[in-house]
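Given these sequences and hints, build the entire structure.
Chains as they are written, first to last, in the working numbering: chain A, 1132 to 1482; chain B, 1132 to 1482; chain C, 1132 to 1482; chain D, 1132 to 1482.
Watch out, some of these pointers could steer you wrong.
Any copy, or any two copies together, can satisfy a pair, since identical chains are not distinguished.
Listed below are the simulated DSS-like cross-link pairs for lysine-lysine, each with C-alpha atoms no more than 27 Å apart in a straight line [as the list claims (entries may be wrong)]: (1) LYS1213 <-> LYS1197; (2) LYS1401 <-> LYS1260; (3) LYS1197 <-> LYS1174; (4) LYS1338 <-> LYS1303; (5) LYS1274 <-> LYS1440.
Hints are computed from structural coordinates only; laboratory data are not their basis.
In case you want the letters, here they are:
Protein chains: 4
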Amino acid sequence: MAEKIKAALMGGSGYAAAELIKRLRNHPHVELVRVSSIDHVGKNVGQVHKCFGDRLPYILEDISPKELVAGCDLVFLAIPHKVSYLKVPELLELGVKVIDYSGDYRIRDVAVYEQYYKTTHTNPENLEKFVYGLPELFKNEIKEANYIANPGCFPTSVSLGLLPLAKNGLLKGKVRVIGPTGSSGSGVHASAGTHHPIRSRNLKSYKPLFHQHQPEMEQVLRSAGGENISVDFIPISAPLTRGILTNSIVDLPSSITDADIQKIYTDYYKDEPFIRLVSPNGLPETVNVAGTNFVEIGWSLKEEQCGSKSFAAVCAIDNLVKGATGQAIQNMNLMYGFDELAGLDDFGTWP
Amino acid sequence: MAEKIKAALMGGSGYAAAELIKRLRNHPHVELVRVSSIDHVGKNVGQVHKCFGDRLPYILEDISPKELVAGCDLVFLAIPHKVSYLKVPELLELGVKVIDYSGDYRIRDVAVYEQYYKTTHTNPENLEKFVYGLPELFKNEIKEANYIANPGCFPTSVSLGLLPLAKNGLLKGKVRVIGPTGSSGSGVHASAGTHHPIRSRNLKSYKPLFHQHQPEMEQVLRSAGGENISVDFIPISAPLTRGILTNSIVDLPSSITDADIQKIYTDYYKDEPFIRLVSPNGLPETVNVAGTNFVEIGWSLKEEQCGSKSFAAVCAIDNLVKGATGQAIQNMNLMYGFDELAGLDDFGTWP
Amino acid sequence: MAEKIKAALMGGSGYAAAELIKRLRNHPHVELVRVSSIDHVGKNVGQVHKCFGDRLPYILEDISPKELVAGCDLVFLAIPHKVSYLKVPELLELGVKVIDYSGDYRIRDVAVYEQYYKTTHTNPENLEKFVYGLPELFKNEIKEANYIANPGCFPTSVSLGLLPLAKNGLLKGKVRVIGPTGSSGSGVHASAGTHHPIRSRNLKSYKPLFHQHQPEMEQVLRSAGGENISVDFIPISAPLTRGILTNSIVDLPSSITDADIQKIYTDYYKDEPFIRLVSPNGLPETVNVAGTNFVEIGWSLKEEQCGSKSFAAVCAIDNLVKGATGQAIQNMNLMYGFDELAGLDDFGTWP
Amino acid sequence: MAEKIKAALMGGSGYAAAELIKRLRNHPHVELVRVSSIDHVGKNVGQVHKCFGDRLPYILEDISPKELVAGCDLVFLAIPHKVSYLKVPELLELGVKVIDYSGDYRIRDVAVYEQYYKTTHTNPENLEKFVYGLPELFKNEIKEANYIANPGCFPTSVSLGLLPLAKNGLLKGKVRVIGPTGSSGSGVHASAGTHHPIRSRNLKSYKPLFHQHQPEMEQVLRSAGGENISVDFIPISAPLTRGILTNSIVDLPSSITDADIQKIYTDYYKDEPFIRLVSPNGLPETVNVAGTNFVEIGWSLKEEQCGSKSFAAVCAIDNLVKGATGQAIQNMNLMYGFDELAGLDDFGTWP
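Written out as structure tokens, the structure reads:
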């Protein structure tokens, strides 16, 4: 067996980081060698992510990028937006490959990024070096990439639900998307929005029509062929821990049939190992994909009304796996020519 | 004080029935005198709805409509679709007022009803005697009514979110609605869809674009002035007990401003005691209205895209109160000239 | 109708305060006139406890005790331990009756209080003026009281489960108590222990055998006749919002029979309006009493083993109602000669 | 690498079966070759346990024991109590090793079994061939065993919490145990007890002091050295999916110190790969072990009261892993000389 590549993790205290630490341990071709953090410095990862107990050797270290990636081939950045663009320039000079979880290198149009993230991007010159890491759309580009902008959780789910339409020239005009999400997406820090007495009984939409994932969805769908599209997106805080269920409604030409849809989706995803098409005989459920990198996609096509057929694409993912760490590993697998399923071929906790 | 009117309840074993029994007990002008049921016959309501303990005198009786309403002014029908139309003819002959929770007398177009409910309506001749009991739209009609078709939970929420637009001639074309809902809407009987190990961790869309509440929404919105509209509706099973949060997205003319919206909503609802407009400085949350007849409505208006402005109306209700029993009581209050808030001016359990 | 008494609330930002504001609004003999707070100063209570919307007139004011109770007969102290003993001396001088939610005036032995609460009590001289407000044990004393130390939530549940034994001379030796509780008991502030991604999936014992409610339970049970007793108490954080279920196991003489138990419990509680004895044909459930002042008590008596019969008393209460505000109102009702059920005769939200 | 052993699974429709199918797929030394069931016959396991999608080859077959184990070394019986004793005789004649999840071969005293399980055991002659599969107590016996009675979930948790005491002659007299548990322990079939609107808000003790796991706990603890002991056990239905937290309180001699306890526990478990001792600086949490075979054990020792020191042992396990399938695999690993962690060295889904 070939020697394992060596990876580092910048930002070890969050939930997506825990998922990465867990999954790289089981990966046949990668060794995680070092984890940095500015929180819980000096603690073993098992003191922070208590599922690990004392079985892992990683200490959260407050070290420089250079120290972090010494001897490494690859670094995962599980750090927040607006921090990533401060770290990336040095990392690129250090000659290490980068998979960035943040939104900083996803949006090509800096003005749009700055509008939605309310900041000034200090490293726009590196934007074009990053490939948007959605394997079901950019597999070939990812295979050649050194730098990956790992997609957002909602854009992943929405894009996967609509890519077959976009690729077949059927995605036009306004796309309406509403998606409830679990509380793990809010991160490890307790807040009013995750306070159990309220959150466990609540449904609440937030940032309706102006969430920062909206332009990211538009960029992806345009890349895939969406014409003159505009995405209207409403996320909803829901009382579960893991999972996103996006529901996207669009207009399709009245000539489209159920059989057309089934063929378009089946053809587009026929070689994708993580995609499960569950319609026409079923519908996606987040519980089926929770804790996994798998994706369930379903749909419904309505009779013509007002001159067009309404079509709904429903997509279920785990926000921390296919919506973050699982996709990051899938990207790494592609970059290095590993089996795309390596480290990801598992079924979570059922039920 | 005037003598109390006397009410009966047909169908006492469900959750909406429990809500009615509880609320009528506190109502200043009504006395619930009798409860029928075909389940749990002979039991006290406290053995079925265990919150009541032994404090209530009602026994679930399997009695005829005639026996049930003897001496009563009014009967609430908390019985399923397809059963209601079998009971209503006799009740009308008995001369009692009726508030029907089922869908049987809501849809004016029998063909549409039969298509969505997959049955043959055996009592279409009485359809026009029923008033659709949405007080925020049909208050005057309800005041004169003897027979009320109490609205569905989702149509209530969607309609309340969009009525001001419809009334102002701004609702046209396709209306996209997605709404997560709590498990109490699935009723008292355990089923795969409410099995705790799954439901507590799951998000699942069901009947996307073909739910039976879709034509009901269209009928209401057309009544209110919606032009050439078509509603595309996706409900989502979410892991909470009580609450519905509907998110409706429509196109508005590019000339509409935030100030216009605020004026339209404020004007329309200025005299409605149960409506809380929480935007532009907030957004609806189901936890705020759970267990109550109150409604939170919020919105977001986006910049022009593709030639129109997208607008989202978000509405939070309790599915068993404003979505069922609370609205039934509100209707009764209007029919009899009671204070509209009687029996409904409470705040549920917080948190 | 007699004029209403006037009450003030010190500490309006917590969950128990919200419960009080809600319940006093419906109380036939009391008017809440003023609410103080050091958090959210200047806000309407509906901005903090969002269930209230804009229907209530109360503003959270940072005012002195004197200003707070001006013109009032009674003040409720919904303030933390260690703050109460700083406020009580002035309130007593102001001549107002006091119902204190905190633990500061519950424990008669100052040394024990100081050991468990890790503080120095600065007002021990007023301790003996306070009556411990457990109506099912001290009803006569409460009727004569001006100052009430409102019991802790766990001591209420444990005491109610065991009082009949203690009163009949059957409670001796070690009492083992284990009780899971809901997250609303942790208060309104978000914390690691109430962070939804963890709390919603967790069971965790805390302060096992050294919780501050342990000596309070011992004091109550000794007052009721418990001989040479020692309480071993373990609370458990459980993933629900409201409810406490205490399970207490003790040794009883081998001569005791099921019929004895049933007689003892039935006799003791025969006039208590909030107590429901659900055994031998059932067992307590928190869902049945959530949001209410009612109490469910059940039990099990085992065959003799090792020379005695083990007996389990199970008790379910709502931690914020019978465990806090409901009991406070019940105490007020007794102090003023109101109907004991006034403001408390409701059934919460079901389900 | 040596050839894999071949295993069969009798009873593939339950949650513990799903856990086994999932874990054997990742086991380096075992191949699951066949799965029988009397439910969902003819379906792929992924249609029943939807997390599997279409990635697994197993069809649920209604076949005879002989057909099921053809060519197999080992069979796991994930079938109910009272069914197991009907199947075991034939399986033993077929010469296959057996790991039985049911309670049928755990209790050595047939009379006790029949009293608690309310049945007549038709195969008592094989009882003594079965080894009770608790590796932390019977590791050597398991290594030599052909037939394993896999322990119950509650007895596993309680025993692990108390074994060090029993082994050191410190466990005597009455043992009081109270343990909340998740809903997955109730199985795959929807029932009133797992109906989401109720279960998600409820705490309910069941079978207090007469649960069938009580005599199993006594047998294990006596085997380990418990003298004249009697276990009083109360399980509690709690609103989470996975996890058991048992709290056991016993009397210890007044001479015992914290240091003694720590030494006793540390010594006893020093070579056990799945046990985490989290006290004195922490306490067990089910969320830390959910979805894993790991166990968290903590404790508290109180000052002398009434002539003895009360001691609490708290233990957290996952009911379907260490409480069922994980332990079954651990037993298999020991029987075949595999690494004890094989197929079990993972951390579940966090959070």
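A quick look at each hint next to the structure:
For a Cα distance limit of 27 Å, the shortest separation of LYS1213 from LYS1197 inside one copy, 20 Å, qualifies, whereas the shortest one across copies, 50 Å, does not. When the C-alpha separation of LYS1401 and LYS1260 is checked against a cutoff of 27 Å, the pair qualifies neither within a copy, at 29 Å, nor between copies, at 52 Å. Within a single copy, LYS1197 and LYS1174 get their C-alpha atoms as close as 21 Å, which meets the 27 Å cut-off; across copies the closest is 50 Å, which misses it. Taking the shortest Cα distances, LYS1338 and LYS1303 sit within 27 Å of each other both inside one copy (24 Å) and across copies (25 Å).
In this homomeric assembly, LYS1274 and LYS1440 never come within 27 Å of each other (Cα to Cα): the closest approach is 37 Å inside a single copy and 40 Å across copies.
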